[in-house]
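Enquirer: Work out the full structure, taking the sequences as your base and the hints as a guide.
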Amino acid sequence: MVQIFKTNVKKRKQAQLIVLLLQRQFPSLAVNFDLEDCDRILRVQGDDICCQSIISEMQLFGYACEHYPG
Numbered sequence: 078m079v080q081i082f083k084t085n086v087k088k089r090k091q092a093q094l095i096v097l098l099l100q101r102q103f104p105s106l107a108v109n110f111d112l113e114d115c116d117r118i119l120r121v122q123g124d125d126i127c128c129q130s131i132i133s134e135m136q137l138f139g140y141a142c143e144h145y146p147g
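Each number in the numbering used here comes from the position in the sequence shown (counting from 1) with 77 added on.
These are calculated hints, taken from the structure and not from any lab test. Take these hints with a grain of salt, some might be off.
Straight-line alpha carbon distances no greater than 20 Å define the calculated EDC-like cross-link-like pairs of lysine to aspartate or glutamate that follow [said to hold, decoys possible]: (1) K90 with D124; (2) K87 with D124; (3) K87 with D114; (4) K87 with D125.
Quick list of simulated restraints, FRET-style, between CB atoms [unchecked claim]: (5) L98 with D125: 12 to 20 Å; (6) K88 with D125: 23 to 31 Å; (7) V79 with C115: 26 to 34 Å; (8) K88 with D124: 16 to 24 Å; (9) Q100 with G139: 25 to 33 Å; (10) H144 with Q100: 12 to 20 Å; (11) Q93 with D116: 16 to 24 Å; (12) A141 with Q102: 24 to 32 Å; (13) L137 with K88: 16 to 24 Å; (14) K87 with D124: 27 to 35 Å.
Since we're looking at a predicted model, the values are computed, not measured. We put the CB at the ideal spot given by N, CA and C, even for glycine.
Expert: Listed below in structure tokens is the structure:
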């Protein structure tokens, strides 16, 4: 399963750090960013994804994060 989130992450270094932190917090998930997309997409792939937990972690890191339902 893949979940998509809209973020306000702008820089590649920020995205790299967030990926490391999220993978440390959720080791069973694959995490990546598409900063070329206008919505600066965070893509999370795995079997047991708690969208609210991802959003909460992103907010703790100081970033906006909104789940794309679907």
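Enquirer: Would you list, in rising numerical order, the hints stated earlier that this structure does not obey?
Expert: Going through the list in order, the structure violates hints 1, 2, 4, 7, 8, 9, 12 and respects the others.
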